[in-house]
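J.: Protein sequence lines correspond, in order, to chains Z and C.
Our numbering applies: residue 1 is where the first sequence begins, and numbers increase by one.
Our numbering applies: residue 1 is where the second sequence begins, and numbers increase by one.
These are calculated hints, taken from the structure and not from any lab test.
All clues stand as given, with none of them false.
Calculated lysine to any residue pairs in the SDA-like style (CA-CA distance at most 25 Å, straight line):
hint	chain 1	residue 1	chain 2	residue 2
1	Z	K94	C	V156
2	C	K338	Z	L88
3	Z	K94	C	I325
4	Z	K94	C	A319
5	Z	K94	C	N164
6	C	K121	C	I134
7	Z	K77	C	K7
8	C	K47	C	T15
9	Z	K179	C	H236
10	Z	K213	Z	S100
11	C	K250	Z	D220
12	C	K402	C	R385
13	Z	K137	C	R174
14	C	K684	C	D46
15	C	K654	C	D680
16	Z	K213	Z	N90
17	Z	K77	C	S170
18	Z	K119	Z	I139
19	Z	K201	Z	S171
20	C	K392	C	D369
21	Z	K77	C	W165
22	Z	K94	Z	V214
23	C	K558	Z	G76
24	C	K250	C	T561
25	C	K633	C	S503
26	Z	K179	C	N254
27	Z	K213	C	E256
28	Z	K179	C	K250
29	Z	K179	C	A238
30	C	K392	C	Q367
31	Z	K94	C	P278
32	Z	K218	C	A257
33	Z	K185	C	D233
Some chain Z residues near chain C, calculated using beta-carbon distances under 8 Å:
hint	residue
34	G61
35	G62
36	L80
37	L88
38	Q151
39	E177
40	A187
The beta-carbon is built from N, C-alpha and C at its ideal position, and this holds for glycine as well.
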Amino acid sequence: MADRKRNSKEYSRRSFLKMASGTAVGLAFGGFLPRLINVDDHALIIPASEGYILVDTKKCGGCVSCMLACSLVHEGKENLSLSRIQVLQNSFEKYPNDISQEQCKQCTFPACAEACPTKALTADPTKGHVRLVDSRKCIGCMQCIQACPQQPARIQWNHEARHSQKCDLCSVTPYWEEKGGPDGKQACVAVCPFNAIKFTKEIPTQVGDFGYKVNLRKHDAWGALGLPTD
Amino acid sequence: MYGYVGKILRVNLTTRKISTINTEDYKEWGGGHGMGSAIFWDLCPDKTVDGRDPRNVITIMTSPLSGTLVPAASGRTEVQGIGIQGHPIGWYTRSNFGGRFGAQLKYAGWDGIVLEGRADKPVWIDIRNGNVKIRDGGHLWGLDTWATQEEIWQEVSDGQGFGNWVEIDSWRDRGRTTQRPAVLTIGRVGELQSPLGCLIHDAGNGAGQGGFGGVFGSKNLKAISVIGTGSIDIAHPAMLMNARLWTREKYGFNVEAPAADVGSFNFPAGPGATPYLPPGIGQRPQGCTGCHKMCRGRSAGGGNESHCVDYLFYNNYDAAKHGQITHHLLQAADLVQKAGINVYQMQTGLIWLNHLYQQGILGPGKQIDCDLPFDQLGDYVFVERMVEQIEKQEGIGKYLFKGLAQAAIDLGRYEQDLRSGILPLQEWGYSHHYDARTEVEWGYGSLLGSRDCNDHDFNVCCYWTPSICALFGAEFPVSAAELAAIIAEKCVPYSDPLMADYSDEGIYKEPMAKLVQWHRHYSNYYKQSLLFCDWAYADFVNPYAEGKKGLTGEAEPKFFTAVTGIEQSFEEGIEIGRKIWNLDRAIWALQGRHRDQEVFADYIYEVGAQPGYTTYEIPYVMPVYENGQWQYKALSGRTLDRQKVEDWKTIYYKLEGWDPNTGRPTRRTLEGLGLKEVADELEKNGKLGA
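Chain Z with its partners taken away, still in its complex shape (with noise of 0.2 Å):
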């Protein structure tokens, strides 16, 4: 509980119950809250990260690039298995159910943190408290992998480097030069041909992929080329 206080904030009630966009908390999260919270006059939680990648599934054209990207710029190498954003598809599936991407969620209960037993995996204030792994903490046993309530799970296993990785909002890019994070670029939105990688501030809302993927189409020239805007 010492390491959890050097990693967390306090927030009143009213805060914590906004930042959740009141939504049902309680389904997402019941399971856990009562590790995580005093439910009392002030919450303890782990602080919200400052920042969220957002994605537009219809707009994505699956070049992967925001992967190779992503791969590049922690790596300095092209690998898709170790890029932080995944986009999966099938090209005989018919639009719009033929690409699908599956970013980080930064969540705000973050199961990945909480099962890392060497507390490799934090919010790092530093970093506008986003989640990410210390891979010179990390044992390699995979708890964080497994905890990841996504499909397929955000956590990568870095086979060759042999530590879990995860989606830092480019906090730590070794390979380019650009001011990553929360106050920073990220490789994936700066690369997407089409914008349909966004960053934000704002706490998407938390039951499912609802606040995590969204309509980027609608202000740009998307419609008047021609394509679908709803």
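Put chain C on the given structure of chain Z with help from the hints.
T.: Okay, now just chain C, sitting in the frame of chain Z:
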């Protein structure tokens, strides 16, 4: 090595031996086509064998840029070997396809695949990282290209399915993937060794020209599947990332503020699928690995990944029958992809058959008996019936199955229909694509090569853009004089201020020979070997760029250096292209190529260019230099002069250092390129230019 992954997979289907070739041994050729030709030269001792002969060697090559962030250079794969489509000789030839296959091959640790021999029964090749197996393909034989891929996906996933991480090897040691295997396969016409057979990957990536689907069939090879979880090391990652963003900011399509880029479909173009689909249908643009422009799409109604001729072979029939493009077109596009059938031959075949039908020569009980339902031309059922007859070799299909040139010979129509142009096979039995009478660089490049060249470099800026602007009364993005200056500036080292002169006189002069020379060398290296996509490069005129000058010349070497760490100037790349072009030319010489064979079909010399009559062209408006000034001029109606074409060929051969009497490379030229052993081989076979 950076960019390359170090090994080329060598599979002998006869002996079932699987071995490797060191990429380093062929690195001087760049990748793709250059490596493929050099490997073919080394491993195919008798280059005169038929394409279906088990001694034919097929190469399927990537480039150092494959699987990387280089825009429109990551997803292409080059296929080479002796083809079976060309007429009268299949020629050593090439094809190329997009999608994910080349990238996955690199992630699996292979820079390419070399196929030799013939399996004794149907097989498929299963590549999972370094684990390569030749598997029984009996249960796949007879399946269409889509069903084959879905079946292989399930086998490779080993019951895990997709939509999650899939373990294909030891997860902890070799990683896992969310990606489906990339599968290259053939349909029924390929299995039956027809020259109409294509290689198909995913829904709509096809290597059609050359008849390599039929070559796969001759090798009893149904498919190759590859999935990889490995890395491609990049020499300068930050440089690559910055270069990608530089092209996006300065040259690429801007979805926030699209430029008014009338008639452009290369680097700066935006999504390209929309015009082919019925109005109102849900759709997305979709691209190959690493692409920035997404020229095709997937829709709610089908037609996934089809574009250009995949639709254009039938869109006018559909629209004429139904008043607009309908679902019939999407169904037809899906059908030809599933059948794995060459759509260019379908397009030309439809034109030809329809002419014969209109003339009362072809039809039920006619001189050419044919029961295709012409009253339903424009409906899906017509294409369905045509494909069915080809696959079953029944009705008119038993002729079409052999390819259009042979079909015309068998039906006694070859000479007269090539003379009138109702069977527009412009050169080597390949379908008329763009018109040699007007856009001469396309025709010359095809004639000097082995197939329809399919290189759109000048086609976009010199034909489509000015022609569309003229047709619709839009402003030309650059004047003819500005266009000529941009081309001359970028076409180093052969720059000539008059090289873009498409006038009646200019097309026979040395500047046009220099343009064709640059075109062949650029294409051989940058597009076919480094695998920059033809639908993006070269970029001469770009509406987003300063002075509207495209990125060609600056971007290609920048990306090559970022990925490989090799400092190589643009001109050095052109010189490698010249070397590759000469090696190909030497192979053709061994196959018997002589300048006397390098002539167009008679209609090119005898019938005026009639856009819309032969393919989906619109009236040609191109830059000309006449009376001391540049202008755009309508060129339709022009024929080529036989003697002047011959004179132009002599100019061209001399520029290349080839024997003007035979068109074959000389010892001096070959040795100057470091190809002494090639010269020796030509001399030994009596095919060396004098």
